[in-house]
Each structure stands twice: as C-alpha cells, then as structure tokens.
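Here is what each chain is made of, one letter per residue.
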Amino acid sequence: MSESIVSFNEDNTAIWLAFKAGDWEAYKKLYNDHFKMLNNYGYKFTKDVNIIEDAVHDLFIKLWTNRATLGTPASVKNYLYKSLRNVIFRKMQSQSRFVDLADEPDYNFSVELSFDHQIIANEEERELHLKLKTVIKNLPARQQEIIYLRFYEGLGYDAIADIMEINTNSAYKLLYKAFNNLQAALKTTKLVVFLSLYSCLGTNFHTK
Amino acid sequence: MDIAKYSSYTLQDFLDDDDFIRFVINPSKTDIIFWHSVTVTYPAQQEAVDEASKIILAYRKQDVFTNEADQQKVWENIEATIKSQPVAKQKIFRLNTFMRVAAMLLLISSVAITLWVLKHNSRAEFATAFGEVRTITLPDNSVVILNGNSKLSYVNNWDNKPREVWISGEGFFNVKHLNKNPHYIKPTERFIVHCNDVNIEVLGTSFNVRTRHDKTNVGLISGRIRLEYLDKASSHSQRLIMKSGDYIEYAQKHLVAQKKLAIPEKLTEWTNHQLSFNNATLAQISEVMTDDYGYHIEIADTALANLKIEGEISVSNVDELLETISTTLSVKITRSDKNITITEN
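Residue numbers (our numbering), protein chains in the order written: chain A, 514 to 721; chain B, 23 to 367.
Treat the hints as calculated values from the structure; they're not laboratory data.
Predicted model, so just to flag it, every value in this text is computed and none were measured.
Certain hints may be false.
Unchecked claim - To give an idea of the interface, some chain B residues facing chain A are shown, with a C-beta separation under 7 Å as derived from the structure:
{"id": "1", "residue": "Gln34"}
{"id": "2", "residue": "Ile47"}
{"id": "3", "residue": "Ala80"}
{"id": "4", "residue": "Asp85"}
{"id": "5", "residue": "Thr88"}
{"id": "6", "residue": "Trp97"}
{"id": "7", "residue": "Asn99"}
{"id": "8", "residue": "Ile100"}
{"id": "9", "residue": "Thr103"}
{"id": "10", "residue": "Lys105"}
{"id": "11", "residue": "Leu344"}
Here a beta-carbon is modelled for each residue, glycine too, at the ideal position from N, C-alpha and C.
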C-alpha cells in the first residue's frame with residue numbers, strides 16, 4: 514500500500530512506539546512535529562482557529578488516553594490527518610443547530626493560492642496561477658480536498674481514500690472528476706500560455 | 023520505470039502519475055535524470071510535461087497556516103487536561119447516573135445469584151483410578167463403594183428433595199433407609215441413582231450397579247428397588263420392580279437379561295479387591311481388566327475371545343487371574359507392563 518508517493522523522510526514509527534509505551538517526551542515530540550501541518554490542514558475546513566485548536570487538543574487527549582490500544586499506522590501523519598478531519602467534522606456539526614445526518618458530510622474545503630508570492634516570476638505564470646485560483650475555488654469541497662491531498666501532500670490513492678474515508682475506487686473517480694473540471698477551465702489559459710511560449714521560440718505549435 | 027508508456031500520455035495522465043508528481047514535488051537525482059530522458063526520447067511530450075509541472079507547482083504556491091503562535095498555548099492546555107484526569111481510563115467509560123445504578127444492581131444481583139447457585143448446585147465429584155476401590159460416605163450417611171475407573175457425583179444440597187447421585191462405572195450402594203411410613207413416602211426419603219438411560223429408585227437397600235459402554239447391569243442384594251429405563255421398542259420409559267437377588271442387564275436401550283442370582287453377594291466381591299467371574303468368556307474377562315484396571319488387552323482372534331472358562335474364578339489380583347486363564351485355556355499370554363497379548367498356544 515503506497516501511503517505517500519512523495520518521500521519526506523517521514524519516519525515516526527520509533528517515536529510512535531515510545532509514545533504508545535507511555536513516553537511523555539515522545540508524545541510531546543509527536544505534537545510538536547505535527548502541530549503546524551495539522552493546523553494547515555484544519556484551516557482548509559474552517560477559518561475558525563478556535564475549532565482547529567480545540568480539535569487538535571481533543572485529538573491529542575484521545576491519543577494519550579487510548580495510547581495502549583492504538584495500532585501502529587503505516588504513516589503517523591496520515592493517521593493524524595484522518596483523525597483531525599473527523600474531530601473537526603464532529604465539532605462543526607455540533608456547532609450548527611441543524612445537524613446534517615446525511616451520509617456525505619457537507620463541508621467546506623478551501624485552498625488559498627498565494628498571490629503576492631515573489632517566486633511567481635513571469636507573466637504567464639501569474640496568469641496560470643490566477644486562473645487556477647479561480648478554478649479551484651469553484652470546485653466542490655471534496656474535489657478540492659482530493660487535489661490538495663494529491664498535489665500538496667503528495668499522497669497515493671490508498672492513503673487519500675483512507676483519510677477521506679472513501680474506497681480507493683471512489684478516490685480515483687473523484688480525482689478524475691476534479692481533473693475534468695480543472696482541464697475544462699484551464700483550456701483557455703493553456704492556449705494563452707503556450708501560444709505565447711512557443712511563438713517566442715518560433716515554433717508553430719498548437720495545443721490539443 | 024517504464025519509459026515507453028509516456029509516449030502517449032496526455033496532460034491529465036501526467037497529472038495523475040505518481041512518479042511524475044513525485045518528480046515535480048520533491049525530485050530525487052534519479053527522477054531528474056529519468057524525466058529528462060523522457061522528454062529527450064519523446065520531444066512531443068515536452069509541452070504536456072511542462073504544462074503539468076506548471077499546474078502542480080502553481081497549485082502548491084498557497085498560503086500556509088501554521089498557527090505557530092498558539093503552538094505552546096495549545097500544548098499547555100493538553101498537558102493540563104491530561105494532568106487533571108488522574109485515571110484517564112475511567113473517562114472513556116463514563117456512564118450516566120441511571121446506567122451506574124443499573125450496573126451496580128446488575129453486579130450485586132449476579133454475585134448473589136452466583137453465590138446461591140454455588141451453595142445449592144455445587145457438585146461433589148469423585149473419580150477413581152484404574153484398580154482403585156474407594157468408599158464414599160454420602161451426606162445422608164449412605165455408603166457407596168466405587169470400583170476402579172468410575173465416577174460418582176451429586177448435588178451438594180439434599181434439603182427438601184430426593185437424594186440423587188450420578189454414576190458411570192461400577193458402584194456398590196448401601197442406601198440408608200429413611201422412610202418411616204410405607205404408605206406415605208416423602209420426597210426426601212427417595213434415593214435415585216442415575217446411570218446412562220437407567221434410573222434406579224430406592225428407599226433403602228443394597229445393590230450393585232455397573233454401567234459402562236452403554237451397558238448397565240444392576241444386581242439387588244437386599245431390599246426393593248424400582249428401575250426406570252428407556253425402552254427403544256416402546257420408545258418411552260418402562261418400569262420394573264426388583265427384589266432381593268434380582269439381576270438385570272440393559273444394553274442398546276432395552277432389557278437384555280433378567281434373572282435371579284443364587285448368591286447375589288458375589289456381585290460385590292470386587293469391593294474386597296477380588297476378581298470374580300462365573301462362566302465368563304475371555305472377552306468378558308478382558309473387558310473388566312480393561313475397564314477397571316486399565317490394561318490393554320489384545321486377543322488374537324474372535325474364536326479365542328469367545329473361549330469360556332467354565333465355573334467360578336475368584337482371585338485377588340491380576341497375576342493370579344492371568345495364571346488361571348493360561349492354565350485352564352492353554353493360551354499363551356505375553357505381558358509387558360499394562361499391555362497383554364493373548365494368542366493360541
């Protein structure tokens with residue numbers, strides 16, 4: 514099972530095992546190693562920092578309380594993402610008076626593509642970036658989330674399916690849908706980008 | 023990595039390729055060399071590769087919310103919460119008041135029931151080893167002598183109900199007579215012996231029961247008993263009154279023999295460690311040696327097994343028995359420890 518297709522030297526198994534055995538320092542390290550990325554992920558679901566902090570708090574309390582009975586996940590990070598996601602959903606549901614009991618939790622997921630980034634060097638790139646920003650914003654939450662897990666976290670389908678609690682097949686379908694939307698919306702940009710790019714090089718190239 | 027498949031990749035295929043995504047996000051040296059060779063081999067794909075990487079890279083330029091300012095504060099809250107719950111385990115299973123009371127009642131009542139059941143239904147069990155003869159005194163002072171390899175059990179509490187025992191193997195019963203008025207028999211005055219498919223109901227007598235391999239035989243030395251047995255032919259239980267000296271054999275769910283013994287006391291000779299037989303075949307003798315004393319006996323063929331020793335044998339141990347057999351029947355007996363082989367001489 515490929516947890517992550519991108520290796521970020523994630524080897525937390527030793528720390529995880531120490532934490533499970535009741536090592537307080539290992540527990541603290543687990544927290545400090547993951548706090549920032551958990552907040553970043555949580556921020557995609559809600560801009561309410563209190564909810565995110567409460568969720569992180571509850572998640573770590575639960576970890577400590579149940580440490581003896583927890584398994585050892587293939588990826589600690591993915592396991593924490595999945596757990597945080599559940600805690601946040603529960604918190605947001607209990608916050609709204611009208612609890613939606615549908616199978617598919619109705620949630621928000623938004624990614625803020627940074628605009629005033631110095632690394633965005635040239636005009637075409639700026640163009641693509643702007644377009645992407647608009648396109649992504651208009652995708653349904655689940656499609657936004659899967660693109661995030663794929664392109665930002667660099668996760669494989671199995672890991673994505675596990676975190677989003679869908680089966681791998683659904684993950685394929687969902688990302689396929691997201692790609693279709695993405696591509697349709699990008700068509701014009703692409704044309705612009707490449708016409709300019711290749712006309713500079715003097716090549717007569719047209720895009721599909 | 024297979025390079026050929028990339029010749030026909032579309033933009034979307036690249037965006038969905040694990041190896042490609044890794045190359046864009048966090049390339050290793052091998053990745054860079056490999057993807058360079060892809061675009062060199064398939065120059066037409068250069069455009070899609072560039073486009074796909076641009077999309078991924080542009081996407082990855084996004085605002086990051088680390089909340090670093092609160093990292094310490096949240097940790098302190100976590101620490102405080104954990105320190106304030108001394109027994110963390112209890113918190114998981116916190117029940118509401120009603121559930122707590124219900125659980126308490128359930129616990130109390132189950133303990134009470136268990137104690138009651140233990141007091142009233144605890145069983146006394148006795149089992150003898152091969153060759154062992156043991157005398158057991160029952161709560162009413164009746165006496166049972168158990169032959170080797172036999173079991174006796176009863177429920178400890180005999181208040182206000184018939185005395186009941188269960189037996190497998192062989193036992194000689196001397197039941198205390200409690201009944202004062204023969205016209206009115208109280209339940210507590212009854213004594214019932216349960217064997218396989220046969221119940222023996224007694225007031226006060228002495229009798230011998232042998233119940234092994236689905237065969238039961240009962241011999242009455244004195245008194246009167248009522249036998250109740252399952253009869254296959256009539257498919258319900260039958261009753262039979264037995265008097266002193268009566269002897270029955272029951273097997274395969276019906277009565278196979280019923281006779282009057284001249285000297286019924288002979289049935290109980292085993293209680294004095296006597297091995298006694300009357301007109302017994304080699305098979306019958308070997309069965310007793312197997313069941314009561316734990317020998318493994320092999321008899322060469324059925325003709326041999328059916329050889330009968332006329333008259334009575336009464337010996338006090340297995341050695342004497344074997345000697346008697348070999349002299350009367352002229353068979354060859356080979357013995358090593360508890361294994362005995364009987365062959366024709």
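Exercise. Does B/Thr103 meet its interface restraint, that is, does its C-beta lie within less than 7 Å of any C-beta in chain A?
Worked result: holds (5 Å)
Problem set entry | Interface hint for B/Asp85, Cβ within 7 Å of any Cβ on chain A | Interface hint status for B/Asp85: holds (4 Å vs cutoff 7 Å).
Problem set entry | Status of the B/Leu344 interface restraint (C-beta, 7 Å, chain A) | Because about 65 Å separates B/Leu344 from the closest Cβ in chain A, which is outside the 7 Å limit, the hint is violated.
For this session: Mind checking the CB of B/Asn99 against every CB in chain A and telling me if the closest is under 7 Å?
Result: With a closest approach of 5 Å, the B/Asn99 hint holds.
Problem set entry | Status of the hint placing B/Lys105 at chain A (closest C-beta pair under 7 Å) | violated (11 Å)
Exercise. Per the CB criterion, is B/Ile100 less than 7 Å away from chain A?
Worked result: holds (5 Å)
Exercise. Going by Cβ atoms only, is B/Ile47 closer than 7 Å to chain A?
Worked result: holds (5 Å)
For this session: Double-check B/Ala80 for me: the hint is only fine if its C-beta lies closer than 7 Å to a C-beta in chain A.
Result: Given a least distance of 5 Å, the restraint on B/Ala80 holds.
For this session: Have a go at the B/Thr88 hint: is there a Cβ in chain A nearer than 7 Å to its own Cβ?
Result: B/Thr88 check passes; min Cβ-Cβ to chain A is 4 Å, inside 7 Å.
Exercise. With a cut-off of 7 Å, does the beta carbon of B/Trp97 approach a beta carbon of chain A closely enough for the hint to hold?
Worked result: holds (6 Å)
Problem set entry | B/Gln34 as chain A interface residue, shortest Cβ-Cβ below 7 Å | Holds - the Cβ of B/Gln34 comes within 7 Å of chain A, reaching about 5 Å at its closest.
Figure legend: structure checked against the earlier numbered hints; hints not met, in rising order: 10 and 11.
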